[in-house]
Amino acid sequence: MKARVFVTLKNGVLDPQGKAIHHALEGLGFSGVNDVRAGKLIELDLADETSDAEIEDMCRKLLANTVIENFRIERMEPAQA
Amino acid sequence: MNSAVIVFPGSNCDRDLAVALEQVTGRKPAMVWHKDSELPAGIDFIGVPGGFSYGDYLRSGAMAARSPVMRAVADAAGRGVPVIGICNGFQVLTEAGLLPGALMRNARLSFVCRPVPLRVENSQSLFTAQYDAGEEISFPVAHHDGNYQADEATLDRLEGEARVAFRYLDSVNGSARNIAGILNDAGNVLGLMPHPERAIEPAHGGTDGRRLFEGLLETVSA
Chain A
1 MKARVFVTLK NGVLDPQGKA IHHALEGLGF SGVNDVRAGK LIELDLADET
51 SDAEIEDMCR KLLANTVIEN FRIERMEPAQ A
Chain B
1 MNSAVIVFPG SNCDRDLAVA LEQVTGRKPA MVWHKDSELP AGIDFIGVPG
51 GFSYGDYLRS GAMAARSPVM RAVADAAGRG VPVIGICNGF QVLTEAGLLP
101 GALMRNARLS FVCRPVPLRV ENSQSLFTAQ YDAGEEISFP VAHHDGNYQA
151 DEATLDRLEG EARVAFRYLD SVNGSARNIA GILNDAGNVL GLMPHPERAI
201 EPAHGGTDGR RLFEGLLETV SA
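If you read the protein sequences in the order shown, they are chains A and B. The first sequence begins at 1 in my numbering and counts up one residue at a time. The second sequence begins at 1 in my numbering and counts up one residue at a time.
Treat the hints with care, since some could be wrong.
Mimicking SDA-like on lysine to any residue, the simulated pairs with C-alpha atoms at most 25 Å apart in a straight line are [claimed, not checked]: (1) A:19 with B:2; (2) A:40 with A:20; (3) B:35 with A:57; (4) B:28 with B:2.
Chain A residues, not near chain B, derived (Cβ > 10 Å throughout) [stated by the list, open to error]: (5) 1; (6) 31; (7) 43; (8) 45; (9) 55; (10) 72.
Derived coverage of chain B by chain A (criterion: at least 3 residues anywhere in the stretch with Cβ under 8 Å from a Cβ of chain A; other residues may be distant) [stated by the list, open to error]: (11) 58-65; (12) 101-115.
Don't read these hints as lab results, they were simulated from the structure. Just so it is clear, the structure is predicted and the values come from calculations on it, not from any experiment. We treat Cβ as the ideally placed atom computed from N, Cα and C, and that holds for glycine.
Let's have the full structure, built from the sequences with the hints guiding it.
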């Protein structure tokens, strides 16, 4: 079973990297960009019996720093044989 | 004073800190590898040094904060043993939950490496007893992720409880309220981005850091 964890900065937390990306996009002539926030995507290959609670625990204990970051888990169910 | 310096893969100020501690205390600190799950017996001070532990993977300090030795450091801190985290060590202590808040990428994205003026905001702590309240001193900084952030309630609590130990005189990295170093609620854990261990001898360009370790030695030996 695979799962994806999206780690994003909380609203209100300044994102200097997002700002730099925004400026670079404008520098390339893309004028319609209102804002950019950069985050992380972490792909996990897990034993099929891994519970949602366990993945959440991984996020809280390591994958995200909940002082500044939110996380969202997307389970990708195993392909049917 | 028997001190320990924690060494992670990627630490690079561990030797600077050990030299500073040996000069001030007259004793060589124990260098403790991150995989050790216990500290040597009789340690009365722990230093978590600067560097780029685990290559700053995931977040600065995130991996180091979960290494076996940090459980022993947290236990010792809980018993009241003084702990200092400098630069990457500060990041490790916040990631380990021993200090509140987080250290983010510098607001202007650039690596900052120069001596910076600081104000000693609390001269009553274990670490700052040899400074005067409000005294202006200078320590070098060298970091990319030194932008201290916490929610407003946490910042208000830190200010109200005199737990802001050092403050930048100018904005160095975008830190909330120009915070450079903070104490835990018990006052025995200090985290700061500037490097006191690089301001020990006149050849370093300044000696303002020496009094931090001398004050600590005096308090611990008293």
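For a C-alpha distance cap of 25 Å, please report whether residue 19 (chain A) and residue 2 (chain B) respect it.
Violated: residue 19 (chain A) and residue 2 (chain B) sit about 46 Å apart, past 25 Å.
Residue 28 (chain B) paired with residue 2 (chain B) [C-alpha distance capped at 25 Å]:
Cα-Cα ~8 Å, so holds.
Report holds if the minimum CB distance from residue 1 (chain A) to chain B is greater than 10 Å, and violated otherwise.
holds (22 Å)
Compare the distance between the alpha carbons of residue 40 (chain A) and residue 20 (chain A) with 25 Å, and conclude whether the hinted pair is satisfied.
This hinted pair holds, its Cα atoms lying about 16 Å apart.
Minimum Cβ separation between residue 31 (chain A) and chain B greater than 10 Å?
holds (23 Å)
Nearest-CB test (10 Å) between chain B and residue 72 (chain A)
holds (17 Å)
For the stretch 101-115 of chain B, do at least 3 residues have a Cβ located nearer than 8 Å to some Cβ of chain A?
The restraint on the stretch 101-115 of chain B holds, since 8 of its residues have a Cβ under 8 Å from chain A and three suffice.
Test coverage of the stretch 58-65 of chain B by chain A using CB-CB distances below 8 Å; three residues minimum.
Result for this restraint: holds, n = 3.
Residue 35 (chain B) paired with residue 57 (chain A) [C-alpha distance capped at 25 Å]:
holds (23 Å)
Are all beta-carbon distances from residue 43 (chain A) to chain B longer than 10 Å?
Holds: least Cβ distance 14 Å, greater than 10 Å.
Would residue 45 (chain A) pass as off the interface with chain B, using Cβ distances and a cut of 10 Å?
It holds; residue 45 (chain A) is separated from chain B by about 17 Å at its closest Cβ, greater than 10 Å.
Would the non-interface assignment of residue 55 (chain A) survive a Cβ cutoff of 10 Å against chain B?
Check passes; 16 Å lies beyond 10 Å.
In this structure, only the earlier hint numbered 1 is contradicted, and the remaining ones agree with it.
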